[in-house]
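Asks: Construct all of the structure, not just a fragment, from the sequences and the given hints.
Residue numbers (our numbering), protein chains in the order written: chain A, 1 to 293; chain H, 1 to 184.
Just to be clear, a hint being listed does not mean it is correct.
As the list claims (entries may be wrong) - Some chain A residues near chain H, calculated using beta-carbon distances under 7 Å:
no., residue
1, Thr3
2, Glu11
3, Gly88
4, Thr178
5, Val182
6, Asp202
No lab work stands behind these hints: they were computed from the structure. We put the CB at the ideal spot given by N, CA and C, even for glycine.
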Amino acid sequence: MSTFIDRLETELVRVCEAPIAARPPWQLPLRRLSRRARLRTLAGLSVIAAIATPALAIGLGPILRDFEGQTVSASAGAPPAEQLALLGILRDPPPGAYVNHATLGSSLMPGIHGIRTNYIRLLPPAPGFPHQLLYTVTSGDFGAARFDPAVGAYVPTDAKNLICVQQVEAGGVGGDCTDTSVLTSGHWRESAGLDGYGLVPDGVARVILHYPDHPDQTETVTENTFSWQGYPAPAGPIEKGNGQPSPGPTPEVPASVTWLDAYGNVISTHTNGNVASQPPAGAIYAPGAATER
Amino acid sequence: MDSMAHDDRELLRAARNGEAECFGELFRRHHAVVLAFVARRVDEPEVAADLLAETFAALLTIVRDRRRDLPISPLGWLLVTARNLLIDRHRHGIVVEAARRQLQLAPVALDDRDIELILEAGHSDELLGRIHELLPLEQADALTARIVDELDYDVIARRANTSQAVIRKRVSRALATLRATLEH
Numbered sequence: 001m002s003t004f005i006d007r008l009e010t011e012l013v014r015v016c017e018a019p020i021a022a023r024p025p026w027q028l029p030l031r032r033l034s035r036r037a038r039l040r041t042l043a044g045l046s047v048i049a050a051i052a053t054p055a056l057a058i059g060l061g062p063i064l065r066d067f068e069g070q071t072v073s074a075s076a077g078a079p080p081a082e083q084l085a086l087l088g089i090l091r092d093p094p095p096g097a098y099v100n101h102a103t104l105g106s107s108l109m110p111g112i113h114g115i116r117t118n119y120i121r122l123l124p125p126a127p128g129f130p131h132q133l134l135y136t137v138t139s140g141d142f143g144a145a146r147f148d149p150a151v152g153a154y155v156p157t158d159a160k161n162l163i164c165v166q167q168v169e170a171g172g173v174g175g176d177c178t179d180t181s182v183l184t185s186g187h188w189r190e191s192a193g194l195d196g197y198g199l200v201p202d203g204v205a206r207v208i209l210h211y212p213d214h215p216d217q218t219e220t221v222t223e224n225t226f227s228w229q230g231y232p233a234p235a236g237p238i239e240k241g242n243g244q245p246s247p248g249p250t251p252e253v254p255a256s257v258t259w260l261d262a263y264g265n266v267i268s269t270h271t272n273g274n275v276a277s278q279p280p281a282g283a284i285y286a287p288g289a290a291t292e293r
Numbered sequence: 001m002d003s004m005a006h007d008d009r010e011l012l013r014a015a016r017n018g019e020a021e022c023f024g025e026l027f028r029r030h031h032a033v034v035l036a037f038v039a040r041r042v043d044e045p046e047v048a049a050d051l052l053a054e055t056f057a058a059l060l061t062i063v064r065d066r067r068r069d070l071p072i073s074p075l076g077w078l079l080v081t082a083r084n085l086l087i088d089r090h091r092h093g094i095v096v097e098a099a100r101r102q103l104q105l106a107p108v109a110l111d112d113r114d115i116e117l118i119l120e121a122g123h124s125d126e127l128l129g130r131i132h133e134l135l136p137l138e139q140a141d142a143l144t145a146r147i148v149d150e151l152d153y154d155v156i157a158r159r160a161n162t163s164q165a166v167i168r169k170r171v172s173r174a175l176a177t178l179r180a181t182l183e184h
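Replies: Following this line, the structure appears as structure tokens:
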């Protein structure tokens, strides 16, 4: 009597034996066409380009620009496997999270290159963060600053394979691009007034924010994100570079953040971006139960 | 082709070149470990069976697409893919079936005996047991931390008080040893 394992094996072998269906004609490489057919195809493409150009020029087409009007190069490729493995929302977006790059117009952050157009996601909204995009880029001017004698100033260096989170609003944009280690080190957090927003990798179901002067806060993770309402900093508003106080309340920075899995087990604790503790050797946590909606 | 005498990648290459039985051989080699991996992480046997089927179907879609590179370490690839499918199942409440649909694979039907088999797989220590049985301690620890616990290299390195390069080498050696051992 066969088991489902036997039946599955038989089925896999049957499929493996089946001939691979020919690709539809529109997927055939151009080089396989005769010279006459190539010329016909090119002529057709020219007509399409002539029709499409006005649409692109008025911002309806998929030419991406940053909000300073500079063209942002695009990439049809996938993010590095490490980023896909860390962020379920990138790998397998829930309904409504997929963002068509053609709709973005001139709203991207300056300094990014090679935005991966098939991996732009709308993050779950939270108070203070109503429209946040997550995307990855092949590189960006977000590396450590270095003195450039030619410019006579410190300039940012190029950094590869960044994860970007960007707020998109009618009144402007804001956001940041970081490398993967910022995510895995537990340091990916941002705040707008007392509202906070964080990004965590798959496997984290809840986070506990620990404060020096206030009670802990426990927040549930949704699609790799969590949000919280912070406490006002005891020291009051911080000063900006010009000596003026920043507008709005300044939140107290959590002293550490603990990641929990879906069963309430501690995955790790992060203090100022450093991992303060790790799960015991051999511990197995259920990945991803974290990101229930 | 005498599939028993070949490593995993050779089996996949042969399957790509029309020797379908070689994919069957790869399935026989690794289904128990993949099933143990998923069965211990889900409550329902039906879900574990779906995850097992989708994982191998995903590998088969790569085998059948000549534009895509074959995985360097098929066992590692299977475990990482199973892990990703598990996460997506937790997020959406259902097991993704993209690969099975693309291949038009028949659904997995389970009887009482199958369910018992899956429950046993979930409770067995086949995965960790085989790793520790086959590998030196430091390689087994590195592989368990990377593949089973899914920790980053830098975290494993800090924990073992050594460099990431050493951990990567241990994991790589562990996979090579596993491959060699499982193939002979």
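Asks: None of the hints should be skipped; say for each whether it holds.
Replies: Going through the hints against the structure:
{"no.": "1", "hint": "Thr3", "result": "holds (6 Å)"}
{"no.": "2", "hint": "Glu11", "result": "holds (5 Å)"}
{"no.": "3", "hint": "Gly88", "result": "holds (5 Å)"}
{"no.": "4", "hint": "Thr178", "result": "violated (15 Å)"}
{"no.": "5", "hint": "Val182", "result": "violated (13 Å)"}
{"no.": "6", "hint": "Asp202", "result": "holds (5 Å)"}
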